[in-house]
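S.K.: Could you put the whole structure together from the sequences, leaning on the hints where they help?
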Amino acid sequence: MDGALFKIAEKVKNSEVSDTCSLRLFFRNKQIMIDSGNGNSKDINWPLEDKQKMISIFETVYDEAKKDNDMVVLPQD
11 MDGALFKIAE KVKNSEVSDT CSLRLFFRNK QIMIDSGNGN SKDINWPLED KQKMISIFET
71 VYDEAKKDND MVVLPQD
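This note's numbering puts the first residue of the sequence shown at 11, with every later residue one more than the last.
Just to be clear, a hint being listed does not mean it is correct.
[What the hints assert, rightly or not] Restricting the straight-line Cα-Cα distance to at most 27 Å, the calculated cross-link-like pairs of lysine-lysine (DSSO-like) are:
id : residue 1 : residue 2
1  : K61       : K40
2  : K21       : K76
3  : K17       : K40
4  : K40       : K76
5  : K77       : K61
6  : K63       : K76
7  : K23       : K61
Bear in mind the hints are in silico, worked out from the structure with no lab data behind them.
M.R.: See below:
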């Protein structure tokens, strides 16, 4: 996973989202549902201000999706 993030780091280093958006995650053309305890399991629609937390979410989703799980339960802080 670190290698995949490293490959795109230069391309996205100056990217910024300034308006409200929702993020859906897909793996091998299949949507991955995310259970974060907030009731919405299709999207990430809350602010991700901590880069490490965002990376942790992506790594967790990627690891579970590789195991062919289409529902990922995110660890609570």
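S.K.: Keeping to a limit of 27 Å between CA atoms, is the pair of K63 and K76 held or broken?
M.R.: holds (20 Å)
S.K.: Can you confirm whether the C-alpha distance between K17 and K40 stays at or below 27 Å?
M.R.: holds (22 Å)
S.K.: Keeping to a limit of 27 Å between CA atoms, is the pair of K77 and K61 held or broken?
M.R.: holds (25 Å)
S.K.: Taking only the CA atoms, is the gap from K23 to K61 under or equal to 27 Å?
M.R.: The hint holds at about 12 Å.
S.K.: What's the verdict on K61 and K40, does the C-alpha distance respect the 27 Å limit or exceed it?
M.R.: Given pair K61, K40 holds - Cα atoms ~25 Å apart, limit 27 Å.
S.K.: Holds or violated: K21 and K76, Cα atoms, limit 27 Å.
M.R.: holds (25 Å)
S.K.: K40 and K76: Cα distance at most 27 Å?
M.R.: Distance of about 12 Å is within 27 Å: holds.
The earlier numbered hints are all upheld by this structure, with none contradicted.
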